Amino acid sequence: DAGVIQSPRHEVTEMGQEVTLRCKPISGHDYLFWYRQTMMRGLELLIYFNNNVPIDDSGMPEDRFSAKMPNASFSTLKIQPSEPRDSAVYFCASSLYFRTPLHFGNGTRLTVT
Amino acid sequence: AQSVTQPDIHITVSEGASLELRCNYSYGATPYLFWYVQSPGQGLQLLLKYFSGDTLVQGIKGFEAEFKRSQSSFNLRKPSVHWSDAAEYFCAVGATIQGAQKLVFGQGTRLTINP
Numbered sequence: 001d002a003g004v005i006q007s008p009r010h011e012v013t014e015m016g017q018e019v020t021l022r023c024k025p026i027s028g029h030d031y032l033f034w035y036r037q038t039m040m041r042g043l044e045l046l047i048y049f050n051n052n053v054p055i056d057d058s059g060m061p062e063d064r065f066s067a068k069m070p071n072a073s074f075s076t077l078k079i080q081p082s083e084p085r086d087s088a089v090y091f092c093a094s095s096l097y098f099r100t101p102l103h104f105g106n107g108t109r110l111t112v113t
Numbered sequence: 001a002q003s004v005t006q007p008d009i010h011i012t013v014s015e016g017a018s019l020e021l022r023c024n025y026s027y028g029a030t031p032y033l034f035w036y037v038q039s040p041g042q043g044l045q046l047l048l049k050y051f052s053g054d055t056l057v058q059g060i061k062g063f064e065a066e067f068k069r070s071q072s073s074f075n076l077r078k079p080s081v082h083w084s085d086a087a088e089y090f091c092a093v094g095a096t097i098q099g100a101q102k103l104v105f106g107q108g109t110r111l112t113i114n115p
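Protein chains in written order, with my numbering: chain A, 1 to 113; chain B, 1 to 115.
Simulated from the structure, these hints should not be mistaken for laboratory data. Quick caveat, the model's predicted, so the values are computed rather than measured. From the three backbone atoms N, C-alpha and C, an ideal C-beta is built for every residue, glycine too. Watch out, some of these pointers could steer you wrong.
[As the list claims (entries may be wrong)] Which chain A residues stay away from chain B? Per the calculated CB distances, all over 10 Å, these:
1. H29
2. A67
3. T76
4. V112
[To be verified] Not the full set, but computed from the structure, chain A residues with beta-carbon under 10 Å of chain B:
5. F33
6. P101
7. G105
Can you make the complete structure from the sequences, with help from the hints?
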């Protein structure tokens, strides 16, 4: 099992540019989560999917953020346009069933200058 | 809404000493609880979980945690720490709210090990 795979590991971009983060969950996992980690706010849940359907996006900061899951093996988190305050580590996680532990990827460190 | 408090931002212990990391939660019903560990540049790894049953839960790497409903606590313990335990530790509480799965993390406790 390769675990949750995120790409890229690091992303540096200029303010106003579009950023796309990618995630491949563990095969067979029904749930996929996107979290953001910052020193100030800790780990925040942005959105999660069940069977490719978004269930709760109440944590998405604003309309500049969007997430999709076109199939069971791939999800994207897009920021357009990006701003310096979006700089953070973004984690993708997946879980097998409802209320089972999350398996995290190694994260994408985003820096917006 | 549920919340998690980890009162200690940073703890330093000597190698071989015992460890207790505190976690307090707020939730109206019985939550499900987790402890995760994060090494620098890595994602979070599950140490242990509590859903129901025995309130003393054993995890990986020699860690254990005890659920105390009366104190709304789920403290993490290890009898003797190793230098490799230096990391950041997160407590998380989960609950089902209006059919949605909510998992809220504490702010984390950074553990430093003195040789």
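A quick look at each hint next to the structure:
1. H29: 13 Å, holds
2. A67: 15 Å, holds
3. T76: About 18 Å separates T76(A) from the closest Cβ of chain B, which puts it past 10 Å; holds.
4. V112: The assertion about V112(A) holds, with a minimum of 19 Å to chain B.
5. F33: 8 Å, holds
6. P101: 5 Å, holds
7. G105: Holds - the Cβ of G105(A) comes within 10 Å of chain B, reaching about 5 Å at its closest.
In the structure shown, no violation is registered for any of the earlier numbered hints.
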